[in-house]
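Residue numbers (this note's numbering), protein chains in the order written: chain A, 1 to 374; chain B, 1001 to 1080.
Read the hints as simulated data drawn from the structure, not as lab findings. Among these hints, one or two may not hold up.
[Stated by the list, open to error] Derived list of chain B stretches under chain A, where covered just means 3 residues or more per stretch with a C-beta under 8 Å from a C-beta of chain A:
hint, stretch
1, 1013 to 1022
2, 1044 to 1057
3, 1070 to 1078
Don't be surprised by glycine CBs; every beta carbon is placed ideally from N, CA and C.
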Amino acid sequence: MAEQPTALTVTQLVAQLRRAVESSLGQVWIKGEITSFKAYGSGHWYFTLRDAESAIRCVMWKTYTTRVGSLPADGTGVYALGNPTVWEERGELRLQIQVLLPTSGIGLQQLARERVRAALEKDGLLDPARKRLLPEFPRAIAVVTSPDGAALRDIITVTRRRWPSVRLLVVPAKVQGEEAPAALVRALGIVNRLPQADLCIIGRGGGAREDLIAFDDEAVCRAVAALRVPSISAVGHETDISLTDLVADLRAATPSAAVERAVPDQEDCRRHLGSLAARLAHGLERRTGLVSARLARSGDRIQVAMARRIEAPRARLDRVAGQLEALSPLRVLARGYSVARTADGRVARRRSDLPAGTSFHLRVSDGDVAARAE
Amino acid sequence: MSHESKPPAPDSLSTDLRRLEEIVRQLESDDTDLDRALGLFEEGVARLRAARDRLAEAEARVQKVLEDASGQLTVTDFEE
């Protein structure tokens, strides 16, 4: 039989069909009912989606099935997000599913949420590169939340404990119910008109999933993205992730955790200042040669004090600062020490620096005295 | 009731800490002459005191921001 150069191999044909199918539709939402559901040990799921007239075989890879809460029963109405392809080994049409949501109540909510997320993603609002750094020591934090919720109480308590020198500017807003999204958007707009604010926390305490949906609202998410200052989103409990969490510069698991990320801990800061104080004292001691053995011993005491865990870091810091003042060269001079400098300004440390007949300057507490070595 | 429109200044604590770290590094290095070391030390002590004062600032003020019908913002103390 003569070769027919125009004939495609099966592989070529199927590959072309696959390309045609994949490029024709891309990712789509499909509404249907699950039948012939089979979950394999590998974690992959195989099932058919059907409606009154048609059916299509579907596959959902393990990567995606692990995100679905429970195994869907046959007959479950679902919204599925997937892309059609051709399974080349068998030349069969397949729908590869990435998201599966039941059409019952909560499923509709999730569908709405997925749509908002896709819209935000499309506009680049979920891009990690957008995330801004939080200020190191904020002076005023705008807090968008309910004025009488547990979240605000927690935020106030933790702020006072960790970093009492910051100001909280509460911008009250309803955080649940139909009016909540508009109220949150309005409050976020007010934050942008508070020039003294340098950080914004938006959030609420835990609640039922449907109590948190204002934080999945598209307008609210866009208002968070439009904040002039860096933002922390803290909605509900640790396991709740709202869309505002994805848009904000930082997500905190709870309102208390938001404060822990927003402000440093004053005790840490005092400890750090204490160690800088000790290094300052030792640095000077090494550089000058002015500091006597007695002062060096007090320097050692500083170090010992540093090494110990201190109950009252404030008192310790005061003590260190007091010792530092005692170490100040001018105080040392005031106690009757003086510094001799040669004509070219070098400090005279040894007899050989000042041979007989040399003129030099003597620095005393209130000024310089001209002197000569005998 | 107060009305504020000053933009936040960069926090002095941040500046003081950076500068203190720099001063300590310079004092710990071997190429600082005495005059300079004395100056650095004096500045370090002053910055240390400023940082400590900043930490001791008054207890966190909690205020409430409200917008009136004409769009004016008012900041009042928050009643807990």
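Query - Outcome, coverage hint (the stretch 1070 to 1078 of chain B, chain A; C-beta under 8 Å; three residues) - result: Since three or more residues must qualify, the claim that chain A covers the stretch 1070 to 1078 of chain B holds, with 3 doing so at under 8 Å.
Query - 8 Å C-beta test of the stretch 1044 to 1057 of chain B against chain A, three or more residues - result: holds (count 10)
Query raised in the report: Mind checking, does the stretch 1013 to 1022 of chain B have 3 or more residues with a CB under 8 Å from chain A?
Result: Holds, because 5 residues of the stretch 1013 to 1022 of chain B bring their Cβ atoms closer than 8 Å to Cβ atoms of chain A.
No hint from the list above goes unmet by this structure.
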